[in-house]
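Just so you know, the protein sequences line up as chains Y and Z, in that order.
Per the UniProt record's numbering: the first sequence = residues 1 to 410.
Per the UniProt record's numbering: the second sequence = residues 1 to 410.
Since the hints were made in silico from the structure, they are not lab data.
These numbers come from a predicted model, not from an experiment.
Hints are not guaranteed to be accurate.
It does not matter which identical chain is used: a pair holds within one copy or between any two.
[Stated by the list, open to error] Taking lysine to aspartate or glutamate and the DMTMM-like style, the derived pairs with C-alpha atoms no more than 25 Å apart in a straight line are:
| # | residue 1 | residue 2 |
| --- | --- | --- |
| 1 | Lys-147 | Asp-67 |
| 2 | Lys-175 | Asp-138 |
| 3 | Lys-175 | Glu-208 |
| 4 | Lys-175 | Asp-274 |
| 5 | Lys-175 | Glu-140 |
| 6 | Lys-147 | Glu-92 |
| 7 | Lys-147 | Asp-295 |
| 8 | Lys-175 | Glu-276 |
| 9 | Lys-175 | Glu-364 |
| 10 | Lys-175 | Asp-26 |
| 11 | Lys-147 | Asp-216 |
| 12 | Lys-175 | Asp-261 |
| 13 | Lys-147 | Asp-314 |
| 14 | Lys-147 | Asp-214 |
| 15 | Lys-147 | Asp-166 |
| 16 | Lys-147 | Asp-369 |
| 17 | Lys-147 | Glu-276 |
| 18 | Lys-147 | Glu-179 |
| 19 | Lys-147 | Asp-274 |
| 20 | Lys-147 | Glu-91 |
| 21 | Lys-147 | Asp-370 |
| 22 | Lys-175 | Glu-98 |
There are 2 protein chains.
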Amino acid sequence: MTWLDLPADHPFGLHNLPYGVFSVADEGDDAVRRVGVRVGDHVLDLAACAEQAGMESAAVWRGGSLDAFLAEGRPAWAAARAWLTGHLSNEEYRDCVEAHLVPVGDVRMHLPFSVADYVDFYASEHHASNVGRIFRPDSEPLTPNWKHLPIGYHGRAGTVVVSGTDIVRPSGQRKPPTEPVPTFGPSLRLDIEAELGFVVGGATRLGERVALEDADEHLFGVVLLNDWSARDIQAWEYVPLGPFLGKSFATSISPWVVTTDALRAARVPLPGQDPEPLPYLRGSGDGAGTAYGLDVHVEVEWNGTVVSRPEFRDMYWSPAQMLAHLSVNGATVRPGDLFGSGTISGPHRGTRGCFLELSWSGQEPVTLDDGGTRTFLEDGDTVVLRATAPGADGTVVGFGECVGTVRPAR
Amino acid sequence: MTWLDLPADHPFGLHNLPYGVFSVADEGDDAVRRVGVRVGDHVLDLAACAEQAGMESAAVWRGGSLDAFLAEGRPAWAAARAWLTGHLSNEEYRDCVEAHLVPVGDVRMHLPFSVADYVDFYASEHHASNVGRIFRPDSEPLTPNWKHLPIGYHGRAGTVVVSGTDIVRPSGQRKPPTEPVPTFGPSLRLDIEAELGFVVGGATRLGERVALEDADEHLFGVVLLNDWSARDIQAWEYVPLGPFLGKSFATSISPWVVTTDALRAARVPLPGQDPEPLPYLRGSGDGAGTAYGLDVHVEVEWNGTVVSRPEFRDMYWSPAQMLAHLSVNGATVRPGDLFGSGTISGPHRGTRGCFLELSWSGQEPVTLDDGGTRTFLEDGDTVVLRATAPGADGTVVGFGECVGTVRPAR
Numbered sequence: 001m002t003w004l005d006l007p008a009d010h011p012f013g014l015h016n017l018p019y020g021v022f023s024v025a026d027e028g029d030d031a032v033r034r035v036g037v038r039v040g041d042h043v044l045d046l047a048a049c050a051e052q053a054g055m056e057s058a059a060v061w062r063g064g065s066l067d068a069f070l071a072e073g074r075p076a077w078a079a080a081r082a083w084l085t086g087h088l089s090n091e092e093y094r095d096c097v098e099a100h101l102v103p104v105g106d107v108r109m110h111l112p113f114s115v116a117d118y119v120d121f122y123a124s125e126h127h128a129s130n131v132g133r134i135f136r137p138d139s140e141p142l143t144p145n146w147k148h149l150p151i152g153y154h155g156r157a158g159t160v161v162v163s164g165t166d167i168v169r170p171s172g173q174r175k176p177p178t179e180p181v182p183t184f185g186p187s188l189r190l191d192i193e194a195e196l197g198f199v200v201g202g203a204t205r206l207g208e209r210v211a212l213e214d215a216d217e218h219l220f221g222v223v224l225l226n227d228w229s230a231r232d233i234q235a236w237e238y239v240p241l242g243p244f245l246g247k248s249f250a251t252s253i254s255p256w257v258v259t260t261d262a263l264r265a266a267r268v269p270l271p272g273q274d275p276e277p278l279p280y281l282r283g284s285g286d287g288a289g290t291a292y293g294l295d296v297h298v299e300v301e302w303n304g305t306v307v308s309r310p311e312f313r314d315m316y317w318s319p320a321q322m323l324a325h326l327s328v329n330g331a332t333v334r335p336g337d338l339f340g341s342g343t344i345s346g347p348h349r350g351t352r353g354c355f356l357e358l359s360w361s362g363q364e365p366v367t368l369d370d371g372g373t374r375t376f377l378e379d380g381d382t383v384v385l386r387a388t389a390p391g392a393d394g395t396v397v398g399f400g401e402c403v404g405t406v407r408p409a410r
Numbered sequence: 001m002t003w004l005d006l007p008a009d010h011p012f013g014l015h016n017l018p019y020g021v022f023s024v025a026d027e028g029d030d031a032v033r034r035v036g037v038r039v040g041d042h043v044l045d046l047a048a049c050a051e052q053a054g055m056e057s058a059a060v061w062r063g064g065s066l067d068a069f070l071a072e073g074r075p076a077w078a079a080a081r082a083w084l085t086g087h088l089s090n091e092e093y094r095d096c097v098e099a100h101l102v103p104v105g106d107v108r109m110h111l112p113f114s115v116a117d118y119v120d121f122y123a124s125e126h127h128a129s130n131v132g133r134i135f136r137p138d139s140e141p142l143t144p145n146w147k148h149l150p151i152g153y154h155g156r157a158g159t160v161v162v163s164g165t166d167i168v169r170p171s172g173q174r175k176p177p178t179e180p181v182p183t184f185g186p187s188l189r190l191d192i193e194a195e196l197g198f199v200v201g202g203a204t205r206l207g208e209r210v211a212l213e214d215a216d217e218h219l220f221g222v223v224l225l226n227d228w229s230a231r232d233i234q235a236w237e238y239v240p241l242g243p244f245l246g247k248s249f250a251t252s253i254s255p256w257v258v259t260t261d262a263l264r265a266a267r268v269p270l271p272g273q274d275p276e277p278l279p280y281l282r283g284s285g286d287g288a289g290t291a292y293g294l295d296v297h298v299e300v301e302w303n304g305t306v307v308s309r310p311e312f313r314d315m316y317w318s319p320a321q322m323l324a325h326l327s328v329n330g331a332t333v334r335p336g337d338l339f340g341s342g343t344i345s346g347p348h349r350g351t352r353g354c355f356l357e358l359s360w361s362g363q364e365p366v367t368l369d370d371g372g373t374r375t376f377l378e379d380g381d382t383v384v385l386r387a388t389a390p391g392a393d394g395t396v397v398g399f400g401e402c403v404g405t406v407r408p409a410r
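Okay, chain Y solo, but in the shape it has when bound (with noise of 0.2 Å):
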């Protein structure tokens, strides 16, 4: 058995290939930077491989962030991933390979790239009409432009983490609708939302757009996303504008970018738009091709216990109608920029992606296994996100982990 016997359902078989940025643990907080490839249960160091192997663009994998080669784009994605498979699966370069590979548990994972813009989208129709039903009880759940277009926001790029970076419970303004005036103090619903975000490459000019047809040349890969919310803050701050400190305090996302092309065996339909939408969100063809759904499924533990398994195959809009929406006015894309899915939730209580949603907003509490129950989360909680997808020949894609662990407020 060697390192790359690895059985055919692990999550980091030659299937995945994800790709991180990881220092030595040993090393302490100032040690280099340097871009992975996860293989099995080690990180392979790629600049240093393939500069010993002799790889012409070796370089663009120097410089310890993903950055580069996000600006590359899709050919030089496409002709990474065929040199990694060959080297990887060749016998003849097992000792260039060997000789940097480090085990996984030797190693801290760093945001692996520079965050450009971030948006958050809301495309999950079940989670929509949920917090419809809570934040607006009179109304109708679901905003008549939903079904439209893919609603989004831009968030805050400055404070996406990386997963393992613990999260300070926000302060701000609170008004509950039995108070007069709004209070200051810690949040006192503090939620999470369990999303996918997709990772853009890369770049367009300013008004250009980039039509649905040609979203996959700007999809390179995904993460786990977990959009840490403070319910109270934002229920008070957000009309008309939107969420806005409810929502900015941190966003955590999983060090392993999962790339589009290993999750190709992944793709089904979206579970249909009624009405079509208008075309620019429906592509050229009969809208399968490129208007695809991703069949991952997430897991929620809270405190060790699995309290919820969405299946991102129930969202309403798709990635390629978000990229395809978030240009169609001429915004510039750059590489690095980053879009949630939105909160993943699916039609039964055990699939809904936020504790808002789970204790229908404190209503009905969460049992967890050590018997404690919980509607928000509590000081020195621990939230894990974890995923896989079907992969190539009945294989498993595996996300890792995003984990989270809430703080006291300051």
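Once you've looked at the hints, dock chain Z against the given chain Y.
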């Protein structure tokens, strides 16, 4: 007469000294970008001059942007201003300075810094009331939260462009109230928003906040900002998560960053806040010292006709309050963060800072000097924002211009 013998009312005298990034126009598109300081009708090549003068920290201005200088923070900004003032007013350094001056007519200006996160506020009571009356005629003009917190939202950092960049008319979904479903096409209600933009320097760590009293440590400077807005796209998309594509296609800023140091003589009390805001927006003193307004006179020119003269002193919330608010939840502040004030509008028609208000949603056309009338922007229209403020000792501080011309939709 030398280049230094500037009339006392010159908007770029020694009391101003704004920073920008220029290249020599003759050298073409790929010319080297240099950090410059505007002095009279010249631009000083700052790194070259400082290096020749043996200034220790001159390297911070190498690199063709203000990024490194912004990161250094207030002590470095103060030292640079003192050094500049000394070298520009002392005959001893004349040769060294003159060797690095370029006539302003010979330069091309660029985006002065990499925009980290861009936030847009909504800090004019007159503007928010007018927009409320127009967009939500059946509700109170101001939402219940408006006087408790400076409402803001994140915009798209990647589409902040320097003055002079053409603005391509955006396309998107519009649904007039009279139509049953949305249609797709070029915006028919393209508008401007005349604002000031605040350029942030220094940095905080995740979970820390910038107290009101410390805001000046992070407020490096001020630019003119035109938050181009497609009102029809915005009106259809903005409920419930706020403006998105109606704003994200372009935001123009003036090329010269006027330092907050140059604006000390322009500080004025706020118009008054009732109800009294929560303590974190009041500061530790009586509020007058830290939550001050700025006496900046803005001018909006439409195809050569000045159509409005908004006064920044009419703003309800102060820049320091906006910064304290945006970080009170522990959101990181990074060098290069930019926040807009929101449209500057006063109580009278001639002080309204956007065409939505000026034409009262298209019902009251504006007559230009050439006899033409306008409600919203037509292709080929040019808008120029200009501003001045009182400087030290009776001088005038100029902001220069923020210009944009509308090009047809693609």
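Next item on the list: Could you place Lys-147 and Asp-295 in one of the four classes (within, between, both, neither) given a Cα distance threshold of 25 Å?
Entry: Answer is within; shortest intra-copy Cα gap is 21 Å, inter-copy 46 Å.
Note to self: Treating 25 Å as the Cα threshold, decide for Lys-175 and Glu-208: within, between, both or neither.
What the structure shows: between (42 Å within a copy, 23 Å between copies)
Note to self: At most 25 Å between CA atoms: does that hold for Lys-147 and Asp-67 within a copy, between copies, both, or neither?
What the structure shows: Close neither inside one copy (34 Å) nor across copies (42 Å); limit 25 Å.
Next item on the list: Indicate which option fits the pair Lys-175, Glu-140 if close means a Cα-Cα distance not exceeding 25 Å: within, between, both or neither.
Entry: Answer is both; intra-copy 23 Å and inter-copy 18 Å each pass.
Next item on the list: Evaluate Lys-175 and Asp-26 at a C-alpha cut-off of 25 Å and name the case that applies: within, between, both or neither.
Entry: neither (47 Å within a copy, 58 Å between copies)
Item checked: 25 Å Cα threshold - placement of Asp-314 relative to Lys-147 -> For Lys-147 and Asp-314, only the intra-copy Cα distance (15 Å) is at most 25 Å; the inter-copy one is 40 Å.
Next item on the list: State whether the alpha carbon distance between Lys-175 and Glu-98 is at most 25 Å within one copy, between copies, both, or neither.
Entry: neither (58 Å within a copy, 60 Å between copies)
Notebook entry, point to check: Are the CA atoms of Lys-147 and Asp-166 at most 25 Å apart within a copy, between copies, both, or neither?
Noted result: neither (36 Å within a copy, 33 Å between copies)
Check: How would you label the pair Lys-175, Glu-364 (within, between, both, or neither) given a Cα cut-off of 25 Å?
Finding: Classified as within; 22 Å inside a copy, 39 Å across copies.
Note to self: Treating 25 Å as the Cα threshold, decide for Lys-147 and Glu-91: within, between, both or neither.
What the structure shows: Intra 52 Å, inter 69 Å, cutoff 25 Å: neither.
Margin query: Cα distance capped at 25 Å. Does Lys-147 pair with Asp-274 within a copy, between copies, both, or neither?
Written below: Classified as within: same-chain Cα gap 7 Å, cross-chain 41 Å, threshold 25 Å.
Notebook entry, point to check: Is the C-alpha distance from Lys-147 to Glu-179 at most 25 Å within one copy, between copies, in both cases, or in neither?
Noted result: between (35 Å within a copy, 16 Å between copies)
In summary, the structure is inconsistent with hints 1, 6, 10, 12, 15, 16, 20, 21 and 22 from the numbered list given earlier, while agreeing with the others.
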